[in-house]
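Protein chains in written order, with our numbering: chain A, 1 to 156; chain B, 157 to 455.
Because the hints were derived from the structure by calculation, they are not lab data. Ideal Cβ positions, reconstructed from N, Cα and C, are used throughout, including at glycine. You can trust all of the hints, since none of them are fake.
Calculated pairs, BS3-like style, for lysine-lysine (alpha carbon to alpha carbon, straight line, at most 27 angstroms): (1) B/K217 <-> A/K7; (2) A/K9 <-> B/K217; (3) B/K265 <-> A/K7; (4) A/K108 <-> B/K217; (5) B/K257 <-> A/K149; (6) A/K149 <-> B/K217; (7) A/K108 <-> B/K265; (8) B/K192 <-> B/K340; (9) A/K9 <-> B/K265; (10) A/K129 <-> B/K446; (11) A/K149 <-> B/K265.
The following label-pair restraints were derived from C-beta to C-beta distances: (12) A/L54 <-> B/R166: 46 to 54 angstroms; (13) B/L401 <-> A/K149: 31 to 39 angstroms; (14) B/A298 <-> A/A23: 41 to 49 angstroms; (15) B/D331 <-> A/G135: 35 to 43 angstroms; (16) B/L218 <-> A/N106: 15 to 23 angstroms; (17) A/G17 <-> B/T272: 23 to 31 angstroms; (18) A/L50 <-> B/D297: 48 to 56 angstroms.
Residue strings, one per chain:
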Amino acid sequence: MAKVDFKFKSALDEMIGGMGHSACFQCGACVGDCPAAMHSERFNPRQIMLDAVLGLADRLVCEDSLVWECTNCTCCFEHCPQDVRQVEVIMAIKNMIHDRGISPDNVKANVTSITSTGRVIAISELIHKRRRELGLPELTEAPVDELQKIVGGELS
Amino acid sequence: MSGNGNGQKRYVPFFGCLMTTKHSQFEAAVRRTMPKLDVELVDVEGFSCCPDPIYYKAADKLDWLTVAARNISLVEDLELDMLTCCSGCTSTLKEANHTLKHDAELRGKVNQRLKTIGREFKGSIEVRNIAAIVRDDIGYDAVAASVTRPLNGFKVAIHYGCHLLRPQAVMELEDPGRPEILQKMIEAVGAEPVWEAKHIVCCGTACQDVEIKSEIMHENLTEYSGLKADAIGLVCPTCFDQYDLGQLQISRKYKEKFAMPVFYYFQMLALAQGLSPDEVGLGRHRVSVKPALEKLGFN
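So that you can see chain A by itself, here it is in the shape it has in the complex:
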């Protein structure tokens, strides 16, 4: 039996702002061009919007949530007659999952990399060498001290 989570509903409303996902009238325009839906047995943006509107948090904010199957292509934005911005709803759900510490490892690694080096790719001597071969300017350090002062996420 699905359980309605009112706290989840109001937190999502707050994160999305405006009418957002509550304007979804389940027409399914978001499904046709969705590359994830085309190749997945369980990913369906229309169903995700319905679960979000109904407040069925258990289906969305959980380990191995299907929201990570979204390709972030935003085709759904273009077709939606109600301006639901499905990828933003999915992003808000991802933020909640990350908040609970159960986001995929590569999301956690990305956060650690940016907050500890300022970049998503570690700099190596090979990278410097290739840049020199191409006549490119030396890479300078990213301002990690400044980043750590302005982000509120994980810093450990």
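Following the hints, put chain B in place on chain A, whose structure we already have.
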């Protein structure tokens, strides 16, 4: 409004992470081709990752907006527009700029954080993808005029990818269902664009499910291979990763041979402007570009 007074084509380039590290040949291509189009790139020190529009945004949207706003604020100091040449960076920086210009509450929250490092997001500049600058400021004719060695007879299958065009309300480039900007850019270097409606599809890279990601790429590569094109042309280093190294992975996984050379658009422009393949690092691609270069009359 653009901060570029006097009609001068001066911009602050934002090369991001991928184009400065793994794929620095793309940074080289942009730096070498822009001066021939009378564009001056004004470098700014102190940028961080844009930050990443997929994973970092998925962790915490306010952190994501704040780091993006810090990068934008460095450019605001110079009163110039920001030139982005990676679709991921474009996605983050254009969306953050757009959102923070329109949402006073979020702007307040972000600026409260930026205040601790003595910075402020003012909303005084535009973030513009290099393709928009080619079309609107440089012009296709000027691109064609810079060409000394037209890529005649070279057939290029286009991959638009997602974040150059979508969401249209934020990217403000053209109709994502019927784009023509890359066709025009390819024609300007004398090459022949091969265009199919499928070329606006996603490369699949941001999907966390490996099976779905592979299925998307396999379908795309099957489509592209049937087009009799000499190369795939694109404008995003993340899509490039998917198509270049990705082709080898998909060939192995599906036991089929895919081997289409992949070019970042500005590498093609560089060749057409008379630069050598080495000057834009074409030897570094995982799928050999040799057949394409032979067709173009190199070595």
